[in-house]
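**Q** Residue numbers (the working numbering), protein chains in the order written: chain A, 1 to 113; chain B, 114 to 656.
Derived by calculation from the structure, the hints in this document are not laboratory data.
Owing to the predicted nature of the structure, the values given are computational and were not obtained by experimental measurement.
Note that the Cβ used here is the ideal one computed from N, Cα and C, for glycine as well.
Do not take every clue at face value.
[Said to hold, decoys possible] Some chain A residues close to chain B (C-beta under 10 Å, calculated; not the full set):
1. Ser-21
2. Met-25
3. Tyr-28
[What the hints assert, rightly or not] A partial selection of chain A residues facing chain B, derived with a Cβ cut-off under 10 Å:
4. Gly-13
5. Val-19
6. Lys-32
7. Thr-33
8. Val-41
9. Glu-70
10. Lys-73
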Amino acid sequence: MKISKELAKGSTGLLVLSVISKTDMYGYQIIKTIEQTSEEVFSLNEGTLYPILHSLEKEGCLEAYWCEAEGRKRKYYRITAKGLGELESRKQEWNTFSNAVTRVLGGVERAGT
Amino acid sequence: MQEHNFDEILDFLCGGIILKSERENVRNELFDHLMCRYETNLAVGMDEETARDEAIKNLGDAATVRHQLGAVHAYAPRPSLKKAMNLLIFGYILSSVHIEFFNGMKEITTFIGVLCMLVSVFCLSKANRNLKKAFAFKCADYFTVIVITAVQQWGFSFNLIFTVVDMLLTFASLMLLLKGLAELVNPFRETSAKKVPFAACVISNVISFTVTTYFVILFNGAIDDLFLNVILFSVLLVNIVITVFTFVRVSRLLWNSDHEYKIEDSVKKKTAFALAALLAIVVPVAVSDCVFSTQKAKTEIYVAERSILESAEREEICNNLLSYGIPGYVVSNLPDSELEMYRGCLNAAEFADETWDFTTDTRVGYAGTDYSTGVCGVGLRDEDGNRFVRVLTWTQCNSEGGFFCSSVFWDYNEMQCFPLNYGGEYNDDFLLILSEENGRTMKNKPLAVYTDEDALTDSMTGVRFQMKNDVTVIHATNYNVTRQDDNRMNYNVQNYMKCFPVNFVTRLPLDYGNSAGYQNFFEYEISSSGHQIVWEYPPKDNQ
């Protein structure tokens, strides 16, 4: 099932921070990991990932380094302490949001039965 | 698959990133991504062409990605790039267009203009290497301006050297600035309908710099010839117009590039630190300048004393003075305070009996230009029998018959001159300065005296001395008493025509008319007429 873009848009940063928090990754790897972990619910426009990564890097949530891989330069990302804090903050925000949505939806369902 | 197969899409995606280094990094990263996707597509069985196209397609809408990357990588030091350009234009105009509605306005506007340019170039300096160099040269230029202010009193040569150095630095910083701006707008130049006239701007500035340097070295900035002035003015004006036009075009180009500029916090601190460092240098210089230029020169009111001589004594002194040929209207109007100095003076006939060779020279001499001028040495003998001469000079100062008189004491034996008033010494001669302050006539001791001499004729061509900045100098004269080869004494009283007051910030003359371009406290020319002023007739309080 594909999720609407508007719904996925606000979650992308959270997802990116979450997968990078587990291990250092490069861009393509991040996309593949999110796709696989979400069982293809989240299928990002690959080009739009990089502005998000670069934005997080400029904010200090990620730090990057270059490596040689398969005969070309590859940029890896690593989460910082600030990034971890940001991740926690966004997780809490998401939990609050999802719980509130669940409660409201639960209320609607109860009325319909 | 080589990189060049993705060149077109990579160029497009990264085209909105201003900084070259960031553009390269993003390009490498996106290339790696495209290659990963391409290799994945090949692995699932696609052909090369399809795998390539699918890899590009998976990136999503290219225009959106380009826009987002450009927004993220927008680099704008504080203030934003567009504001920095506006500040640059403002600063350039202010520092280039010299307007003076009040004393010192030109210097103040130039200072503010240079400071605005310095801040704006600092803000732009992060964008590329040439702008960074432009900032470095601009800093050096700014410090040179401060040094010029400090070394003004060192003399013409130092002034000229530092002025030329300043002009070189200004020119170099402007050239680097233009080069850096050209690099900055390079991504947008081809797509823009309106071109930026960088070449014309460079040529114009080269011509302006060459012409200005030539005139500064040749004339030290003071040009009397109208034609030459028109040429210089025209060149400068055209250059200002072209340069401002270029800056405006660059600013518009950056504005229309549709970038959203971010402000980085670290630049705030750096800007504040840079401005604080500049103030730390400027403030002490300005304070010391104020203190130095407002030091109170030692002054004493000259007041014509009321009658202190007995009438008989006065008559004797006057008769003796008249015997030298001093005009009656001078003698009859000398106040008692002046006559008292001639107490005990010898009659000319008595003086002539002395076997002094120079007695024949103690004659009234009229230099005579527009008004009559005279000088006369009056013989005196003190209680111990020492002989000395007191030189009386006078000159008519206006058509109503007003005139000035003064005198100096000269000891023949000691070969020394003792001025009646405060004087500054130079070359064993004496400089007497009279000023007007709050409606009163004051005798002044100058704070410092500097001389200029003509190397060819070995004669003094001018004297500069410092006065308080709010003092109006009425007159200044020096005495020069020399012994000639035949033992005759030569009294030479040189008159300095009052020239121009100066402002305390730069000590520039307000009017360059006859100042020969010297930038100093007061500039005086030597006049062949000999008169100096201690006392004026009729006295101001009786007018």
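**Q** When the hints from earlier in the document are held up against this structure, which numbers fail?
**A** Result: hints 1, 2, 4, 5, 7 and 8 break, sorted rising.
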